[in-house]
Amino acid sequence: MSITTAALLATTAVELDALYRQGTASQLPNGDSRGTLILAPGSGLSHGLASVATLLVWQGKVFHQEGFLLNKVLPFGLELVKAEVYPGTSWIDGKATIVLDYAKTSFIAQKIRDEIREVAPGIYLGRSFWDRTHILDFVLEF
52 MSITTAALLA TTAVELDALY RQGTASQLPN GDSRGTLILA PGSGLSHGLA
102 SVATLLVWQG KVFHQEGFLL NKVLPFGLEL VKAEVYPGTS WIDGKATIVL
152 DYAKTSFIAQ KIRDEIREVA PGIYLGRSFW DRTHILDFVL EF
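Numbers 52 to 193, taken from my numbering, label the letters of the sequence shown in order.
In short, the hints are calculated from the structure, not lab data.
Virtual Cβ for every residue (Gly too), placed ideally from N, Cα, C.
Subject to a maximum C-alpha distance of 16 Å in a straight line, what follows is the list of computed EDC-like cross-link-like pairs (lysine to aspartate or glutamate): (1) LYS133 - ASP83; (2) LYS133 - ASP152; (3) LYS162 - ASP152.
Cβ pair distances, simulated, as ranges: (4) LEU79 - TRP181: 22 to 28 Å; (5) TRP142 - THR63: 17 to 23 Å; (6) LYS162 - SER53: 31 to 37 Å; (7) SER53 - GLN161: 36 to 42 Å; (8) HIS98 - GLY145: 30 to 36 Å; (9) LYS155 - SER94: 33 to 39 Å; (10) VAL103 - HIS185: 17 to 23 Å; (11) GLY173 - ALA61: 17 to 23 Å.
Please put together the full structure from these sequences, using the hints given.
Given below as structure tokens:
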């Protein structure tokens with residue numbers, strides 16, 4: 052399988068987990084990314100839900116070399132909802148990951164923690180947690 056956002060939207064939750072575990076966390080991203088939420092992994096609804104979410108809610112993240120990011124949100128792509136970005140240990144498998152931590156930077160998202168790993172050149176698969184409960188997956192393309 053060629054790893055693209057479209058392919059990841061068609062991938063099951065079990066397959067996404069395996070891809071994430073195979074990914075790498077070698078370099079912190081920098082710059083603007085295009086984001087896609089994976090809300091119904093592997094189902095026929097995944098592409099449609101992702102399109103609506105991208106249009107209305109979330110369009111990606113802008114990473115800054117100073118160790119933080121801002122999410123692009125709402126239909127206008129406003130850069131809001133800050134997170135700290137740093138190398139860390141995955142809650143999923145205890146291996147190296149890139150942590151996107153909202154605990155100290157966002158009142159709204161303070162219980163959210165994202166982890167990302169590069170699964171193909173320029174494509175990061177993200178896992179999002181509420182406290183320690185996995186709630187959704189997403190893709191970032193650079």
